[in-house]
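**Q** Here is what each chain is made of, one letter per residue.
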Amino acid sequence: MAKVLVVTSGKGGVGKTTSTAALGAALAQTGKKVAVVDFDVGLRNLDLIMGAERRVVFDLINVVKGDAKLEQALIRDKRVETLHLLPASQTRDKDNLTEEGVERVINSLRERFDWVICDSPAGIERGATLAMRHADVAVVVTNPEVSSIRDSDRIIGLLDSKTEKAEKGEQVEKHLLLTRYDNARAQRGEILKVEDVLDILSIPLLAIIPESTEVLRSSNLGAPVTLGSPNSAPARAYLDAVRKLTGETVVEVQKQRSLFSKLFARRAA
Amino acid sequence: MSLFSFFKRNTSAPVARERLQVLLAHERTIVGGGESDLVAILREEIMAVIAKHMSVPQDNVQIKMDRGASVSTLEVDIEIPTTIAASMRPAA
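Note that the protein sequences, when read in sequence, are chains A and B.
Using the numbering used here, you'd call the opening residue of the first sequence number 335 and step up by one each time.
Using the numbering used here, you'd call the opening residue of the second sequence number -14 and step up by one each time.
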């Protein structure tokens, strides 16, 4: 049974695309068939973060409009063969995304893949609402910063009202992914602590992605951080997140853990 | 005092937490259809009531909302020009 997951946040620049790439690659590494879909029409970037920017021929809009077949538009990752990318259009307008068209594409993706991961654009307009429309699971990406938390709260409200599941009286399974977290600064009271964010947003924690230079390094190289720097702290956090998403109980390995991981292992579990 | 402020300097997170809690408590009710544009509605209705009795320019009415954790206040400040006030005297 395929699962559709939306990576969303409301605010821009918090790490949606980075997280989509990292989660998608990590899921595919477990042998699952994964499609990552870029919904940011006009400002696509998932192709760049995945290192596939030079291989884009057709895009989501082409498939929505029937100009290309889904198979023609899907780009298979060169590192993990079960990982595929459906890029967004860079030139067309987001108005080309029709509700019926998106539904058709999502349904075909459900038939072919185990996980369909939709990378939402920032904001709460058409692209964002269509990206979350058919989701079974939502990963809400949030930075420990007031504007990001406010926007996440708004997005949680939309997930509870504007999705297909919500309209059927069901619930989209929601998870918080706290990114760019600097534990030392949180302890000093300079930024909000994970407990504060959880308390305010009241959705369960999926993982804490620590602030790390490895994230930028990997995006420079065009590799999801879970592939480009698999032993780094952010990659390990994404791998834990994937284990949780697939229903595995996360067993914390203590010996190689940094102080940060030790401090947060219990809360993250 | 300077020592005190040195220790206090960077603990802005509790302030952020409190501001967010108050703000979101209100925004959630707005999204749920609660007090959408309450200030605008109140401003309009209050203006209508005032207009029944005297003509005060729109700009002379200031309506402010302060959302608190448990109590919100609505502050209505109407500037009545002396000429209007004089003409309103019951003797007239």
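Read the hints as simulated data drawn from the structure, not as lab findings.
These numbers come from a predicted model, not from an experiment.
Even for Gly, the Cβ is constructed at its ideal location relative to N, Cα and C.
Take these hints with a grain of salt, some might be off.
Unchecked claim - Going by beta-carbon spacing under 8 Å, a handful of chain A positions derived as facing chain B: (1) LEU382; (2) ASP427; (3) LYS428; (4) ARG484; (5) ASP487; (6) GLY491; (7) GLY523; (8) LEU526; (9) VAL528; (10) LEU532; (11) ILE537; (12) GLU545.
**Q** Given A:LEU382 as an interface hint, is its Cβ closer than 8 Å to any Cβ of chain B?
**A** With a minimum Cβ separation of about 32 Å from chain B (threshold 8 Å), the hint on A:LEU382 is violated.
**Q** Does the CB of A:VAL528 sit less than 8 Å away from some CB of chain B?
**A** violated, 11 Å
**Q** Can A:ASP427 be said to touch chain B, with a Cβ gap under 8 Å?
**A** violated, 28 Å
**Q** Min Cβ distance, A:LYS428 to chain B: is it shorter than 8 Å?
**A** Cβ of A:LYS428 sits 23 Å from chain B, so the hint is violated.
**Q** Verify the interface restraint on A:ASP487: the C-beta must sit less than 8 Å from at least one C-beta of chain B.
**A** holds, 5 Å
**Q** Min Cβ distance, A:GLY523 to chain B: is it shorter than 8 Å?
**A** holds, 3 Å
**Q** Holds or violated: is the Cβ of A:ILE537 closer than 8 Å to a Cβ in chain B?
**A** Interface hint status for A:ILE537: violated (13 Å vs cutoff 8 Å).
**Q** The hint names A:LEU526 as touching chain B; please verify it with the least Cβ-Cβ distance against 8 Å.
**A** For A:LEU526, the interface hint holds, since the closest Cβ of chain B sits about 5 Å away, which is under 8 Å.
**Q** Let's test the interface hint: is any C-beta of chain B closer than 8 Å to that of A:GLY491?
**A** For A:GLY491, the interface hint holds, since the closest Cβ of chain B sits about 5 Å away, which is under 8 Å.
**Q** May I ask you to test the interface hint for A:ARG484 with respect to chain B, counting a Cβ-Cβ separation under 8 Å as satisfied?
**A** holds, 7 Å
**Q** Quick one, is the A:LEU532 hint okay against chain B at 8 Å, beta carbons?
**A** Interface hint status for A:LEU532: violated (11 Å vs cutoff 8 Å).
**Q** Grab the minimum C-beta distance from A:GLU545 to chain B and call the hint holds if it beats 8 Å, violated otherwise.
**A** Where the cut-off is 8 Å and the nearest Cβ of chain B is about 16 Å from A:GLU545, the hint is violated.
Checked against the numbered hints given earlier, the structure breaks hints 1, 2, 3, 9, 10, 11 and 12 and satisfies all the rest.
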